[in-house]
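From first to last, the protein sequence lines stand for chains A and B.
For the record, in the first sequence the residue sitting at position 2 is 597 according to this note's numbering, with numbers rising by one throughout.
For the record, in the second sequence the residue sitting at position 11 is 396 according to this note's numbering, with numbers rising by one throughout.
These are calculated hints, taken from the structure and not from any lab test.
Small disclaimer: the values here were computed from a predicted structure and weren't measured.
Each residue gets a CB set at the ideal place from its N, CA and C atoms; glycine is no exception.
Some hints could be false.
These stretches of chain A come out as covered by chain B in the derived footprint (C-beta under 8 Å, 3 or more residues) [unchecked claim]:
(1) 661-669
(2) 766-775
Listed below are the simulated DSSO-like cross-link pairs for lysine-lysine, each with C-alpha atoms no more than 30 Å apart in a straight line [what the hints assert, rightly or not]:
(3) A:K742 to A:K812
(4) A:K892 to A:K812
(5) A:K637 to A:K604
(6) A:K634 to B:K474
(7) B:K474 to A:K637
(8) A:K621 to A:K604
(9) A:K621 to A:K634
(10) A:K742 to A:K892
(11) A:K697 to A:K852
(12) B:K482 to A:K621
(13) A:K852 to B:K482
(14) A:K617 to A:K637
(15) A:K617 to B:K474
(16) A:K852 to A:K812
(17) A:K852 to B:K474
(18) B:K474 to A:K621
(19) A:K621 to A:K637
(20) A:K617 to A:K604
(21) A:K634 to A:K617
(22) A:K617 to B:K482
(23) B:K482 to B:K428
(24) B:K428 to B:K474
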Amino acid sequence: MNRQEFEQKRAAEWQTFEINLKAVEKNEDLPSAAFIPSKFRKICYDLSLAQYRMFGARICDRLNSLAIQGYRSIHRTRGAFGEGFLIFFLRTFPQAFRRDWKLFVVSSLIFWVPFFLMWWSAHREIVWVQSLLGPESMSSLEGMYGKEADTVKHLRQQHGSNFQMFAHYIQNNVGIDFQLYGGGILFGVGTIFYLFFNGLHIGATVGYIDYAGDPGKLWQFVAGHSSFELLGMIVVGMAGLKLGLSLLAPGNYSRGKALARAGRSSLPLLLGGASMTAFAAVIEGFWSAQPITPSTKYFVGIVFWALHLLYFTVVGRRGYGA
Amino acid sequence: MANPARRIDTLQTVELAEGIEIHLRVAGPYLRFLAWFIDLLSKGALIAVYALLIGMATSVLGARIADGFISLGYFLIVWFYHVLFEVSKSGATLGKKALGLRVVNEAGGPVTMGQSMIRNFIRFFEMIIPIVPLLAFFHPRFQRLGDLAAGTLVVYSRARLDPMMPGPPPLSSVPVNITLTREEEAAILAFRDRSGSWSESRRAELGNHLVSITGVDDAKGVSQVLGMANWLEARR
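Given these sequences and hints, build the entire structure.
Spelled out as structure tokens, the structure:
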């Protein structure tokens with residue numbers, strides 16, 4: 596079969612394939628979708644034949660672009676949004692977490708060790724905490740959680756409405772999550788730096804309030820959202836460490852391949868962790884500052900921490916790949 | 386089978402699960418840098434316009450709500466400007482659209498939200514050490530680290546940059562008496578398909594690479610190559 600014959604014989608089919616694809620893409624003429632896979636296979640066959648026999652750029656280009664369009668259409672993954680959402684949180688995310696539980700330990704240690712060190716140091720020698728926080732944030736902390744302070748009133752004055760607080764927390768905390776993740780590309784150093792620094796800073800805050808203010812006010816305020824916020828950050832830290840680790844210890848793969856694999860497998864951790872932090876912002880903005888009895892706040896906080904433990908150990912066990 | 390077109394064109398070959406090879410026209414770092422710069426300016430402009438609009442609406446919303454909207458908008462623009470444009474139908478941010486580029490996955494298809502987030506969040510840190518984005522120069526597909534992690538490529542959105550023009554029809558076909566390799570055959574055919582848009586001297590320059598086959602150089606060599614192409618063409 597020479598080129599002319601080939602083109603004459605097949606051109607009509609290429610055209611109908613293109614028309615069918617466009618129609619299916621626009622959700623018109625859905626019955627013809629059933630024929631797309633078989634027509635796509637023929638296109639694949641034609642493309643490799645044309646390439647092998649060097650039928651020239653005109654035919655090869657045409658078939659190349661048809662093959663790309665067909666591949667896109669067949670391999671597109673557009674499930675129902677709600678279904679994808681459920682599958683992600685009931686299966687993909689907790690499974691990805693358990694697969695890398697060792698990284699969770701590492702990520703937790705990088706955060707909690709400086710946290711407790713700073714807190715502990717406030718009882719021994721307050722200078723460390725003072726030099727880390729600086730005078731401005733110390734006076735602001737005293738206004739918020741000092742012995743005579745009215746926490747809720749102060750927050751309102753500082754941040755105004757609930758919505759404003761929520762927006763501020765989203766911008767700040769979720770932004771930190773994304774930085775944590777991206778920092779993983781510097782052989783994990785960026786991730787470690789942000790986790791460590793957050794541990795130091797939050798530990799210093801707690802230590803200072805313990806030293807100069809009324810810690811009860813702080814615990815009441817953070818109880819509700821603490822589990823989402825801190826665990827969310829640590830989980831995103833796992834994703835960042837995964838990126839860094841793939842460059843440091845690529846194993847049997849080239850560094851490029853290892854990075855590609857780490858990118859794919861860290862995605863659920865990034866999305867899951869960032870959603871946890873975003874949800875924390877909702878609680879922090881609209882609930883944590885409400886005048887509710889302290890015991891209720893503590894109770895809710897403890898329940899959320901317990902639910903997280905349950906979620907990460909139990910959910911999604913029966914599904915594939917648990 | 387090594388693809389003979391590989392060295393003739395700046396195309397990258399990708400093998401799909403179907404066992405076929407498709408070709409993508411990958412964009413180089415220079416254009417991508419320009420696109421990034423345009424995006425930087427558009428992000429700045431977007432933030433300015435947004436702040437202006439919210440500022441004007443402050444009297445309606447109240448200062449505190451307006452401040453909240455500023456925070457949220459700033460967050461969205463800084464972190465999701467690239468992501469939202471790249472998952473849109475055009476697959477390109479404003480800068481990439483202006484330069485005729487788009488982001489695709491390694492099979493030439495549209496990228497997912499997750500892929501786009503990975504490649505853009507990593508970029509921020511690649512920029513911290515200015516040498517790192519330049520590493521893309523050394524990658525055969527010009528992928529920077531973020532592209533590698535996300536499995537994405539930046540390609541030209543048009544398949545052909547400029548239309549090909551076949552050379553003038555030869556006066557006679559020249560039979561080829563030696564066995565040509567696939568690459569040589571592809572080169573001769575590509576020469577004919579494109580030589581119409583080259584100048585006389587460019588044709589001669591490229592034709593001279595085939596001296597070992599044609600035996601003559603310059604203008605004679607060119608007509609010899611075109612004649613051979615005609616003969617090869619007639620046989621297929």
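Hints versus structure:
no., hint, verdict
1, 661-669, "holds (count 4)"
2, 766-775, "holds (count 5)"
3, A:K742 to A:K812, "9 Å, holds"
4, A:K892 to A:K812, "11 Å, holds"
5, A:K637 to A:K604, "13 Å, holds"
6, A:K634 to B:K474, "25 Å, holds"
7, B:K474 to A:K637, "27 Å, holds"
8, A:K621 to A:K604, "28 Å, holds"
9, A:K621 to A:K634, "18 Å, holds"
10, A:K742 to A:K892, "19 Å, holds"
11, A:K697 to A:K852, "22 Å, holds"
12, B:K482 to A:K621, "23 Å, holds"
13, A:K852 to B:K482, "29 Å, holds"
14, A:K617 to A:K637, "18 Å, holds"
15, A:K617 to B:K474, "14 Å, holds"
16, A:K852 to A:K812, "50 Å, violated"
17, A:K852 to B:K474, "28 Å, holds"
18, B:K474 to A:K621, "13 Å, holds"
19, A:K621 to A:K637, "23 Å, holds"
20, A:K617 to A:K604, "22 Å, holds"
21, A:K634 to A:K617, "14 Å, holds"
22, A:K617 to B:K482, "22 Å, holds"
23, B:K482 to B:K428, "15 Å, holds"
24, B:K428 to B:K474, "20 Å, holds"
Taken one by one, the earlier hints fail for this structure only at number 16.
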